Every structure is written in C-alpha cells, then in structure tokens.
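Participant: Sequence:
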Amino acid sequence: MSAVDQKELAEFSAAAEAWFAENTVKDPGFRLPLTFMEVGTDQQFEFLRDWQNKVWEAGYLGAAWPKAYGGGGLDPEFQKAATAAMRKHDAPIMLNAIGLNWTGPMLLDIGTEEQKSQYLKGILSAEDIWCQGFSEPENGSDLGNAQTRAVRDGDEYVITGSKIWTTQGNYAKYMILLARTNPDAPRKYDGLSFFLAPMRVPGVETMPIRKLTGEYGFTQTFFDGARIPAKGLMGQEGQGWTFAMQLLEYERGVRGGQAGGYIITEQNAFDVVDLARRVKRGGRPAIEDPVLKDKLVDFIIEIQSNALCRQRLAVPPLNQEKPFGIPLASKLMTTEFARRINEFAVSLTGVDGGYYVGDPNAVDDGLWTRAYLNAFSATIGGGTSQIQRNIVAEHALGLPKG
15 MSAVDQKELA EFSAAAEAWF AENTVKDPGF RLPLTFMEVG TDQQFEFLRD WQNKVWEAGY
75 LGAAWPKAYG GGGLDPEFQK AATAAMRKHD APIMLNAIGL NWTGPMLLDI GTEEQKSQYL
135 KGILSAEDIW CQGFSEPENG SDLGNAQTRA VRDGDEYVIT GSKIWTTQGN YAKYMILLAR
195 TNPDAPRKYD GLSFFLAPMR VPGVETMPIR KLTGEYGFTQ TFFDGARIPA KGLMGQEGQG
255 WTFAMQLLEY ERGVRGGQAG GYIITEQNAF DVVDLARRVK RGGRPAIEDP VLKDKLVDFI
315 IEIQSNALCR QRLAVPPLNQ EKPFGIPLAS KLMTTEFARR INEFAVSLTG VDGGYYVGDP
375 NAVDDGLWTR AYLNAFSATI GGGTSQIQRN IVAEHALGLP KG
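In our numbering, the protein residues as written are 15 to 416.
Derived from the structure by calculation, the hints contain no laboratory data.
The structure presented is a predicted model; accordingly, all values stated were derived computationally and were not measured.
For every residue, glycine included, the Cβ atom is placed at its ideal position computed from N, Cα and C.
Keep in mind that a hint or two might mislead.
[Stated by the list, open to error] Derived pair list, reagent style EDC-like, types lysine to aspartate or glutamate, alpha-carbon separation capped at 16 Å:
no. : residue 1 : residue 2
1   : 309       : 357
2   : 187       : 141
3   : 40        : 19
4   : 307       : 280
5   : 135       : 71
6   : 245       : 170
7   : 94        : 22
8   : 245       : 169
9   : 21        : 89
10  : 294       : 378
11  : 94        : 25
12  : 94        : 19
13  : 202       : 156
14  : 202       : 169
15  : 135       : 64
16  : 102       : 31
17  : 307       : 285
18  : 40        : 104
19  : 81        : 71
20  : 294       : 366
21  : 102       : 36
22  : 187       : 60
23  : 187       : 156
24  : 68        : 36
[As the list claims (entries may be wrong)] Now the in silico label distances, taken between C-beta atoms and shown as ranges:
no. : residue 1 : residue 2 : range
25  : 17        : 199       : 45 to 51 Å
26  : 373       : 307       : 24 to 30 Å
27  : 187       : 29        : 28 to 34 Å
28  : 36        : 166       : 48 to 54 Å
29  : 163       : 20        : 39 to 45 Å
30  : 373       : 80        : 48 to 54 Å
31  : 318       : 127       : 42 to 48 Å
32  : 375       : 305       : 23 to 29 Å
33  : 81        : 187       : 22 to 28 Å
34  : 413       : 124       : 38 to 44 Å
35  : 42        : 295       : 30 to 36 Å
36  : 295       : 36        : 37 to 43 Å
37  : 216       : 57        : 27 to 33 Å
38  : 124       : 288       : 42 to 48 Å
Please model the complete structure; the sequences and the hints are all you need to start from.
Facilitator: What follows is the structure, encoded as structure tokens:
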C-alpha cells in the first residue's frame with residue numbers, strides 16, 4: 015500500500031473531530047451500557063443501533079474496509095484517527111461487536127465473494143446484528159467438547175442443542191455457530207464444523223440471562239430441530255475448530271481487520287484521579303493520602319505502558335505470525351487492568367461503594383461498582399485470564415506445559 019497522504023489524513027482527522035464534537039450525545043435520557051455485553055433493553059439497543067448507523071454513514075466506521083462491501087476503502091490510519099476522535103469525545107460504544115470485530119474481519123480474510131457481499135455491509139450499518147454460538151452450558155471451558163449437533167439433510171442442516179453467553183442473541187439476525195457434525199471423529203476437534211447461521215428461523219429460541227449487576231445482555235440460545243441453509247457452512251465439515259481458532263485471534267486482538275470504533279467504555283486512571291479529589295478520607299480529599307497517590311501514579315504508568323505496547327504492534331520483528339506474543343499479552347494486560355482500576359475506585363468510595371445504581375447514596379450513581387462488576391466479563395470472554403497466561407507462557411515464552 016502506498017504511503018498515507020499526511021495532508022489528507024490531517025483533514026480527515028479534523029473533520030472527524032468536528033463531527034464527533036457536534037454529534038456525540040452525552041445524555042440520551044437513560045443509562046447507556048458501558049460495554050456491548052450490557053445491552054439489555056430495547057431502548058438501549060435502538061439508540062446504539064441508530065448511533066452506529068449514523069457513524070458509519072458519516073464515514074467514520076469501516077473506513078478501511080473495501081468500498082465494494084460498504085467500507086471507505088481508505089488506509090487503516092484513517093480509521094485510527096476516527097476512533098481516536100470517538101474516544102476524545104467519549105462517544106457511545108459501537109453496538110455490533112461480534113460482526114465488526116470478529117465475523118467481518120474473518121470474512122474479509124477468507125470468506126467467499128458471495129459471503130462478503132451478503133453480510134459485510136449489514137454488519138457496518140447495524141442492520142444485521144451478529145452473536146456468537148461457541149460456549150455451552152456443560153462445556154464452557156472446553157470449547158472442543160461442544161455437543162450441539164448439526165445433521166445434514168439435503169440443502170439444510172438440522173441444529174439441536176444449546177449455546178450460552180450468546181451476547182445480544184435476542185437481537186441477533188445471525189450467529190457464528192460451532193456445532194458437531196461428526197460425533198464419531200477420532201479427535202473431538204475434527205468432528206466440529208463452523209456455520210454462519212440465521213437466528214430468525216423456526217426452532218431457535220433465546221432466553222435472557224440476568225447478571226450480577228442486575229442488567230441483561232447475555233442470553234442462552236436453544237436449537238430444537240432448527241433448519242439452516244447448508245451454504246452457511248464455512249469451508250468443509252470438520253474444519254470448524256480451525257475457523258474457531260482463527261476467529262478467537264480476532265477476538266483477542268492477535269489479527270487485525272476490525273471495522274473500528276470501540277465496544278467497551280474505559281474508566282482510566284485519570285478518571286480515578288478526579289474521583290480521589292472528590293471523595294474524603296478522614297475528612298480530607300483522598301488524593302492527599304501519599305500511599306493512595308503513589309498507587310494512582312502506578313496506574314498512570316501502567317496506562318502509558320499499555321499504550322506503548324500497542325505501538326510495538328507496528329514493529330514487524332516483534333509480531334511474527336507465531337507466537338503473536340505482544341497481542342496475546344495485550345489482551346491479558348488491558349482486561350486485568352480494567353478490573354483492578356475499577357476495584358481500586360470502588361475502594362476509594364469506602365462504605366458508599368456498597369450502594370448501587372439508583373441509590374441516592376451511591377457515588378456517581380454507582381458507576382464504579384457497576385464498572386467493576388462488568389469488568390470481569392472481558393477477563394473471561396475470548397479466553398479467561400488463566401487461559402491467556404497459559405497461552406503466553408507456552409506459545410510466546412516457550413515454557414513447558416505444567
């Protein structure tokens with residue numbers, strides 16, 4: 015690709031800055047989700063769907079995806095500039111996380127022309143919401159043991175079984191589905207196949223799951239003889255594990271190609287500094303406590319460290335296809351950082367941290383407790399922190415299995 019025209023990039027960045035300054039809604043009159051995993055009401059869903067569509071139509075989402083599929087056809091640097099403008103103005107999250115960040119990039123890399131034409135534009139516009147059908151109630155940490163069945167019947171597959179933690183499953187039009195087509199395969203992984211499956215067919219039902227926060231966003235999906243088109247099969251039967259592992263690389267940030275924007279609102283150390291100025295310890299602002307101030311400095315240093323780590327992604331010798339050490343470590347570091355900093359923020363609020371959203375005694379309407387509880391989901395999705403540590407140890411550092 016030719017070098018980016020810096021004048022064009024600067025003009026695009028300035029236009030994005032102005033657009034988000036003018037169009038970002040700070041208070042829609044109801045509570046907005048902190049992450050795509052919290053979209054639990056129709057009001058939230060419709061607002062975020064309209065917002066994503068508006069951002070896309072303005073040219074600030076999918077800027078680097080090909081024009082033929084609804085994108086802008088620009089260099090990825092342009093999308094980075096647009097996303098930076100979103101963050102600067104604390105814009106709402108992008109709704110269609112599974113489509114924008116995982117399904118779409120995979121289709122761009124290995125999808126057929128028919129699949130790209132059929133799915134990609136709807137992903138960007140938020141017309142077509144996607145969910146993920148990997149985990150199962152009895153096989154949550156053992157993805158290779160998935161038991162949901164897919165049986166070929168002419169030009170269709172008949173799906174029977176259940177998937178859990180299908181984020182936005184109740185709103186989704188499509189699911190990326192991992193199902194077992196051969197229960198007798200010598201290796202359990204070889205019996206799995208990967209489908210681009212429609213959700214709005216007879217035999218598919220979803221049940222919302224209420225989380226510890228009191229919010230919804232996750233669902234359990236039930237397949238009772240649901241029939242899906244056979245053309246939704248990716249590759250061949252038995253290749254599901256290969257496709258699933260590639261998809262997880264997009265989810266973990268190991269592979270690029272995502273449409274842009276962000277799907278999780280970050281509470282960072284500078285937000286916590288402001289909180290420390292407002293809450294009291296012994297009748298004085300908490301920030302005057304030297305031990306606490308030292309901890310805040312550590313968080314700020316860690317923010318800079320994580321940012322520098324992301325910059326190292328541009329150094330080819332540090333990012334060979336295997337072991338992908340920096341991206342693998344980044345997913346672990348950033349999700350654990352979010353959990354720890356929100357935990358620290360809750361501790362700053364003292365006994366008031368026990369009050370939750372809606373209680374008049376809750377600090378910032380319970381934002382910090384809510385953010386802390388929700389932070390755990392990112393340390394689980396895409397591979398738990400424990401699994402990520404094993405992957406980094408074995409594949410990046412070359413350590414033996416324990």
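Participant: Hints first: check each against the structure and report whether it holds.
Facilitator: Tested hints:
1. For the suggested pair residue 309 and residue 357, the alpha carbons sit about 13 Å apart, so the restraint of at most 16 Å is met.
2. Proposed proximity of residue 187 and residue 141 is supported: the alpha carbons are some 9 Å apart, at most 16 Å.
3. Between the alpha carbons of residue 40 and residue 19 the distance comes to roughly 33 Å, so the proposed pair goes past 16 Å and is violated.
4. Of the supplied pair hints, the one linking residue 307 and residue 280 is violated, its CA atoms being roughly 21 Å apart against a limit of 16 Å.
5. Simply put, residue 135 and residue 71 have alpha-carbon atoms about 11 Å apart, close enough for the 16 Å limit, and the pair holds.
6. Using a Cα cut-off of 16 Å, the hinted pair residue 245 and residue 170 holds, with the two alpha carbons roughly 8 Å apart.
7. Restraint check for residue 94 and residue 22: the C-alpha separation of about 14 Å stays at or below 16 Å, so the hint holds.
8. Among the hinted pairs, residue 245 with residue 169 is consistent with the structure: their alpha-carbon atoms are about 8 Å apart, no more than 16 Å.
9. The suggested pairing of residue 21 with residue 89 holds, with an alpha-carbon distance near 13 Å, which does not exceed 16 Å.
10. Restraint check for residue 294 and residue 378: satisfied, since their Cα atoms lie roughly 14 Å apart, inside the 16 Å limit.
11. A threshold of 16 Å between alpha carbons decides the hint, and for residue 94 with residue 25 the separation of about 14 Å falls inside it, so the pair holds.
12. The straight-line distance between the Cα atoms of residue 94 and residue 19 is roughly 14 Å, inside the 16 Å bound, and the hint therefore holds.
13. For a cut-off of 16 Å, the pair hint linking residue 202 to residue 156 stands: about 11 Å separates their Cα positions.
14. Restraint check for residue 202 and residue 169: not satisfied, since their Cα atoms lie roughly 25 Å apart, outside the 16 Å limit.
15. At most 16 Å may separate the alpha-carbon atoms for a hinted pair to count; residue 135 and residue 64 meet this at roughly 15 Å.
16. For the hint linking residue 102 to residue 31, the alpha-carbon distance of about 8 Å falls within 16 Å, and the restraint holds.
17. Only pairs whose Cα atoms come within 16 Å are accepted, and residue 307 paired with residue 285 is accepted, the gap being roughly 14 Å.
18. Between the alpha carbons of residue 40 and residue 104 the distance comes to roughly 8 Å, so the proposed pair stays at or under 16 Å and holds.
19. Simply put, residue 81 and residue 71 have alpha-carbon atoms about 13 Å apart, close enough for the 16 Å limit, and the pair holds.
20. Restraint check for residue 294 and residue 366: satisfied, since their Cα atoms lie roughly 11 Å apart, inside the 16 Å limit.
21. Proximity of residue 102 to residue 36 is assessed by CA-CA distance (about 13 Å); at most 16 Å being required, the pair is judged to hold.
22. A distance of roughly 15 Å separates the Cα atoms of residue 187 and residue 60; the hinted pair therefore holds under the 16 Å criterion.
23. Straight-line distance between C-alpha atoms of residue 187 and residue 156 comes to about 26 Å, which puts the hinted pair past the 16 Å bound.
24. The straight-line distance between the Cα atoms of residue 68 and residue 36 is roughly 13 Å, inside the 16 Å bound, and the hint therefore holds.
25. Evaluation of the 45 to 51 Å hint for residue 17 and residue 199 yields a pass: the beta carbon distance comes to about 49 Å.
26. Range check, residue 373 to residue 307: Cβ separation about 29 Å, and the 24 to 30 Å hint holds.
27. Restraint check, residue 187 to residue 29: a C-beta distance of roughly 32 Å satisfies the suggested window 28 to 34 Å.
28. A beta carbon spacing of about 53 Å between residue 36 and residue 166 agrees with the range 48 to 54 Å that was offered as a hint.
29. A hinted range of 39 to 45 Å is violated for the C-beta pair residue 163 and residue 20, which are about 55 Å apart.
30. Checked against the hint of 48 to 54 Å, the pair residue 373 and residue 80 passes, with Cβ atoms roughly 49 Å apart.
31. Checked against the hint of 42 to 48 Å, the pair residue 318 and residue 127 passes, with Cβ atoms roughly 43 Å apart.
32. Take residue 375 and residue 305: their Cβ atoms lie about 26 Å apart, and the range 23 to 29 Å holds.
33. Checking the proposed 22 to 28 Å range against residue 81 and residue 187 shows it holds: the Cβ atoms sit about 23 Å from each other.
34. Remark: the range hint 38 to 44 Å for residue 413 to residue 124 is contradicted by a beta-carbon distance near 31 Å.
35. A C-beta distance of roughly 35 Å is found between residue 42 and residue 295, which places it inside the suggested range of 30 to 36 Å.
36. For the hinted restraint 37 to 43 Å between residue 295 and residue 36, the CB-CB distance of approximately 40 Å keeps it satisfied.
37. For residue 216 and residue 57, the hinted distance range of 27 to 33 Å is satisfied, since their beta carbons lie about 28 Å from each other.
38. For residue 124 and residue 288, the hinted distance range of 42 to 48 Å is satisfied, since their beta carbons lie about 45 Å from each other.
In the structure shown, a violation is registered for the earlier hints numbered 3, 4, 14, 23, 29, 34, in ascending order.
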